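Engineer: Letter by letter, the chains look like this.
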Amino acid sequence: MRRVGITQMAQSSGVESKENLMDFTYKVNKEVLDKAGLQRDEVDCVIIASSDIFHSGLSCSNSYDWDGAGAFMIEGTRAEDSMFSFIYGCMRVMSGHYDTVLVTSIVKGSENAENDALTSFFADPFYSRPLGMNETSAAALQMREYMERYKITEEQCAKVVVKNLGNAVFNPYAHIKKNIGVEDVLKSEVVCDPIKSLECAPKSDGVVSVILASEDKARNLCEKPVWVKGFGSSMDHFNLGDRDLLNGQLPTAASKAYKMAGIRDPRKKIDMAEICEPYAFQELLWSEKLGFCGEGEGGKLIDSGETQIKGAFPINPSGGVLAMNPYVSRGMYRIVECALQIRGKAGEHQLGKKVKSALAHGTHGFAGQSHSVVILEG
Amino acid sequence: MGRAVAIIGTGQTKHGRRNDVSYPELVREAVVAALEDAGITFNDIEGVVHGTMPSMMEGVSDTHLYFADAMGAVGKPVLKTETCGSTGQSIAHCGFYWVASGAADIVIVIGSEKMFEGDGQATMTTVADPWFTQQFSAGAPMVFTMQSMEWIYRFKIPEDTAREAAAVISVSNHDNALNNPYAHIHQKVSMEDVKNAMIITYPVRLLDVCPSSDGACAVVYASEEKAKKICKKPAWIKGLSFRGEEFFYGESNKSIWPSATEAAKEAYAQAGIHDPLKDLDVAEVYNPFTYQEMIFYECFGFCPRGKAPDYVLKGTFLMDGQLPCDPSGGTLCTNPIGATGLIRLAEAARQVTGKAGEMQVDGAKLALSHAMGGIDQFNGITIVGSEL
Amino acid sequence: MAKEYRTTKNDVTLPYRWALGKAWTIFFDGLKEEKILGTKCNKCGKVFVPGTQFCPVCLNDMKEWVEVGQKGTITSWSLVCNTFHGQVKEPPYIQALIRLDGSDNDFIHFIDGVDLSDIKKVRNKLRIGKKVKAVWSKNKNADINDIAYFTLTK
Amino acid sequence: MEQQKPKEKPREVKTVASVPYELAIGPTWSKFFDYLEEEKIMGKKCKKCNRIMVPPRAFCPRCFEETDEWVEVSQEGIIETWSYATLKFYGQIPDPPFISGQFRLDGADTGFFHRIAGFDLSNFDEVNKIVKLGGRVKAVWRKEKMGDIMDLDYFIPIELL
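Residue numbers (our numbering), protein chains in the order written: chain A, 1 to 378; chain B, 1001 to 1388; chain C, 2001 to 2154; chain D, 3001 to 3161.
Same shape as in the complex, but just chain A:
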């Protein structure tokens, strides 16, 4: 298997953009190409992650996104989710057929309806949709089970919000930045009990791009490539009722990635993680499932302070998805944050400790139906 390196990356801020989607896309991709010193047509392959019409108002969104991605007349394709696109991009390089692959993920959350309106379309039309199932209500069911089974408190979940929005203050790309307290979270409006409004991710704009390259090429394109050491993803049952919401497919996805990266003890080998937590409690639950703490110990983990930006094991130093939620792109934002931290280029929110290895996680579907994990190393 060929090694794959991230050579350059670029990201837009999560704040609402007044640009047309096409031009918004162009700017970020132009930036990443300029950083790599590449002309558009010197890239071997372009992979676009963009949502279907439900998030963009345009069907076959790759049609519209094609030009801004710089894909005119070069090999290209599109995958639904940015984590999928990134993994597919790695496969293209690993296959030996391509030396450079540009992966870009595109969405403007400011242009469409509420997340709950859009994610209602995940549901099947006969059973769960007429019963009003959507991403938030599914997460609420999951959260209550989590609190009940492991005695996780609402305060512990709220601490995730305080930490992440606080971290975001130092991230120039983040959308929501706030210094708040646990009380503010607990007092915020109930969305789907037990989930409160500050525990829900916002809707953000976000174009993010990376240029992947084979080992030799990567060394030509940048000084310090960030290597993709492992990836894994796994899919759960569609019907919520067929699943154990607290024991889904994340361990399967993670173990694949760990195996590929040769990691036995993730907590020791990995220096930081960017976890996709569209709902605050999920950072705790996913941390358990990634093996960062024991089963049911997600609450203790946040209480310990270790996941704070200055802690021993920082989680979401960027502010995570709670601070910025460009729906389709959110997985790749996690990857780019990890890569920036490894390079020491995260700016004001650069970790104090040295980051050698980092984990990026992405999820979509109800209550984490699909999980992906990517492990990067300097």
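Quick caveat, the hints were computed from the structure, so don't treat them as lab data.
Among the clues, some could well be false.
[Stated by the list, open to error] Only some residues are given here: those of chain C computed to face chain B with a beta carbon under 10 Å:
no., residue
1, L2014
2, P2015
3, F2054
[Stated by the list, open to error] Straight-line distance between alpha carbons at most 30 Å, and here's what the computed DSSO-like set of lysine-lysine pairs gives:
no., chain 1, residue 1, chain 2, residue 2
4, D, K3145, C, K2003
5, C, K2003, A, K27
6, C, K2130, A, K300
Nothing here was measured: the structure is a model prediction, and the numbers come from that model.
Backbone N, C-alpha and C define an ideal beta-carbon position, used for all residues, glycine too.
Given the coordinates of chain A, assemble chains B, C and D onto it according to the supplied hints.
Structural biologist: Using the frame of chain A, we list chains B, C and D on its own:
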């Protein structure tokens, strides 16, 4: 370069109006058929690739979630790939690179559509932007007619010749479909039927246009090592490519369709094909419109520019011609969009492995499969062969 | 969504007619007769409700239909308070996962029949593990709303 | 209860899904529509390949450079292709029958999508005598401007002027 990859099994549903099954059940039908053909079980599958038309067609977003159980994907990695009409080829390519990368040894690729459940033309109109294109590109026939007219204009093709040749394509595809048990349209048509059919968008008439179908297709890919172990006669992937022009239709010259031309050129280079008309034994060209099929013949180098009608009228692409095209009856007789491009590949694979039954082109060793998508924006090609 | 820059409203409205297939048809026909039907897998022996064509775990066809209980226990619940485009019901309402007696997976439906005005009161009343039973709609259309909701058993 | 069969024929659930979107037009196209209000058709020129693109682009999709120069193109051009539709399609503004066309406006390097109208479209054979590939057309403007593409009402074959 990379690992060799083979197709070791294919499966299709009966296409047509399939309101006897729910959408997940339809998907499962193709998956079960493909596994059976490959002689493997769900447990052997290491990865799942899925795609449809854009989800507005389905009315369900991110269908890889909805179909997780039907695809046997639970506990497995899934990739969802979509590029409009060319989805079928894009998912085929995804399966190839997955295995070629070494990340998996056996991957199943699944394309599906239930055109009867949504409004196909309306969905296609939502591909167009609301500022410059949507108002004037209503529905697929309009766009394809524009392209055909431009081709007729630029190459000064007599309209009667083009009409006659298009009718030949319609008649031969309908004839071929009679040999395909999975095909949607099983109907014998005459030249007169085609030429007198209702005008959809002049000069395109009803029998120049594909139907809307429900249907699904699944293809199983394996690494060289596994393929040789499991399968007596695999179909080897020899070349593949995907290209796209600008979003705005008018920016590239669609009468010489650069994306189709370049995609073919690249795939030929990989497969070592120099003279496609001679080297290829059979082609499954994505042909939702008869006129458009002739543009593809030219882009793929089957004949010189502007000469496709002459070659068609000579019988070059008939079952007994030099390069039989669409022995399955093609897209013209079966079009579950998200599956259509993959069906082309499945049929090509069946041809080179001698499994095509009544549709078999004798001794076929090298076959081209193709799909196009967007507002005439994308073209994808996969070439399969009987030899490694 | 009042924006201070120039935009185009582009509402997408499309018609659908989704085929139920045999299994869903049988299930919804059952609801019309006030029966909740599941399917039993002859491999793992588990009962899934709503009944489906194949076992989601073993992936083999399920042909044996069984009627499950109209009572069950709450696996989880949420009081939905927010509003959004296309919402199926006026909030507040309660969505729940319910393990029906005689089945091996959770059934999704609404819980009602409790005072929803005060979250604290709802939290006191509805607890995971509590027993609920189905309340049927008077007018039935062979769809999921033939069950009006579930309510706490006395 | 083995082998239970549905009581009726296969059933379908019918519904309509509606999702609202509000898309940013962006500065480049906003300006293009402003120009339309002044009855000007403006393209943007790529400084690298020198192509003048209508509709205008904020960047050239081929050279991947920002465009900066606005160039007015002619309101006349050649019909590169056209199509006559009798069916009403989703999202379509003019009622059928209507003609879509692609025109190469004088001075532009890309084909421009719009409609051909301004005469009786009801009889196809008559239309076919008037609308010719390669024939010239001229823009006709809508009186009351709305700031969208239909400010350009239609293109008419110049013989009919």
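Engineer: Run every hint past the structure and note whether it holds.
Structural biologist: Verification of the supplied hints:
1. A hinted interface residue such as L2014 (chain C) counts as satisfied when its beta carbon comes closer than 10 Å to some beta carbon of chain B; here the least separation is about 5 Å, so the hint holds.
2. Evaluation of the P2015 (chain C) hint against chain B yields a held restraint, the C-beta minimum of about 6 Å falling below 10 Å.
3. Look at F2054 (chain C): its Cβ gets to within about 7 Å of chain B, closer than 10 Å, so that hint holds up.
4. Of the supplied pair hints, the one linking K3145 (chain D) and K2003 (chain C) holds, its CA atoms being roughly 21 Å apart against a limit of 30 Å.
5. For the hint linking K2003 (chain C) to K27 (chain A), the alpha-carbon distance of about 22 Å falls within 30 Å, and the restraint holds.
6. A threshold of 30 Å between alpha carbons decides the hint, and for K2130 (chain C) with K300 (chain A) the separation of about 28 Å falls inside it, so the pair holds.
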